[in-house]
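Here the protein sequences line up with chains A and B, keeping their order.
Read in order, the letters of the first sequence are residues 1 to 100 in this note's numbering.
Read in order, the letters of the second sequence are residues 1 to 100 in this note's numbering.
None of these hints come from the bench; they were simulated from the model.
Treat the hints loosely; a few may be bogus.
As the list claims (entries may be wrong) - Cβ pair distances, simulated, as ranges: (1) D80(A) x M37(B): 22 to 30 Å; (2) D10(B) x T94(A): 44 to 52 Å; (3) D11(A) x S75(B): 46 to 54 Å; (4) T94(A) x R87(B): 19 to 27 Å; (5) E84(B) x E51(A): 29 to 37 Å; (6) M53(A) x K91(B): 29 to 37 Å; (7) S7(B) x M53(A): 25 to 33 Å; (8) Y36(A) x M37(B): 17 to 25 Å; (9) T14(A) x E18(B): 39 to 47 Å; (10) M1(A) x M53(B): 42 to 50 Å.
Even for Gly, the Cβ is constructed at its ideal location relative to N, Cα and C.
There are 2 protein chains.
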Amino acid sequence: MEKYSQSQIDDVLTSLTEWSLQDEKWIVRKFRFQAYMDGIQFVNQVADLAERMNHHPMIAIDFKMVSIRLTSWKSAGITDLDIEQARGIDKLFTKNTIQS
Amino acid sequence: MEKYSQSQIDDVLTSLTEWSLQDEKWIVRKFRFQAYMDGIQFVNQVADLAERMNHHPMIAIDFKMVSIRLTSWKSAGITDLDIEQARGIDKLFTKNTIQS
Numbered sequence: 001m002e003k004y005s006q007s008q009i010d011d012v013l014t015s016l017t018e019w020s021l022q023d024e025k026w027i028v029r030k031f032r033f034q035a036y037m038d039g040i041q042f043v044n045q046v047a048d049l050a051e052r053m054n055h056h057p058m059i060a061i062d063f064k065m066v067s068i069r070l071t072s073w074k075s076a077g078i079t080d081l082d083i084e085q086a087r088g089i090d091k092l093f094t095k096n097t098i099q100s
Numbered sequence: 001m002e003k004y005s006q007s008q009i010d011d012v013l014t015s016l017t018e019w020s021l022q023d024e025k026w027i028v029r030k031f032r033f034q035a036y037m038d039g040i041q042f043v044n045q046v047a048d049l050a051e052r053m054n055h056h057p058m059i060a061i062d063f064k065m066v067s068i069r070l071t072s073w074k075s076a077g078i079t080d081l082d083i084e085q086a087r088g089i090d091k092l093f094t095k096n097t098i099q100s
């Protein structure tokens, strides 16, 4: 899978407004939760999505804040897979936020 | 709760052989799993323990490797609470490893 050029990344991030580029090869977003276990539940949903897609983001849990970092190792950059997953993760977060 | 002195930390880490001191105020351990979802299951168990103790470690999930970092913010260092939690986390990991 081909990695995005810098201008492709800039372009796609205009529709992923909460995500930002880090070190040229990661896209990152932080998610804040009202309760610790809400964040843990979200991590479980992200993990299920990761397994379904066979594409596993870096996840950090710092109390009620969950940080997600995405990259495509094989392509040494951002690919369609990362963008698809970022959109999926955004949907999970929106769903959680509406439910709670 | 009083924070440990450097010599107290050195002493207690002789019985927590997989943990090491980082930046003078964290104790850290990395846990490796055969499968991604085994790591996620472990994170859930650690989160339950964290809620029970009302003491929440930093958790990082990098594919099949889970890293845990413990500190006591209020004491600006390592306290009994971190050591108790580290022992609890070690027990959870041992239980998981035996089960799988």
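Results of checking the hints against the structure:
no., hint, in the structure
1, D80(A) x M37(B): 22 to 30 Å, "25 Å, holds"
2, D10(B) x T94(A): 44 to 52 Å, "48 Å, holds"
3, D11(A) x S75(B): 46 to 54 Å, "48 Å, holds"
4, T94(A) x R87(B): 19 to 27 Å, "39 Å, violated"
5, E84(B) x E51(A): 29 to 37 Å, "33 Å, holds"
6, M53(A) x K91(B): 29 to 37 Å, "33 Å, holds"
7, S7(B) x M53(A): 25 to 33 Å, "49 Å, violated"
8, Y36(A) x M37(B): 17 to 25 Å, "21 Å, holds"
9, T14(A) x E18(B): 39 to 47 Å, "45 Å, holds"
10, M1(A) x M53(B): 42 to 50 Å, "43 Å, holds"
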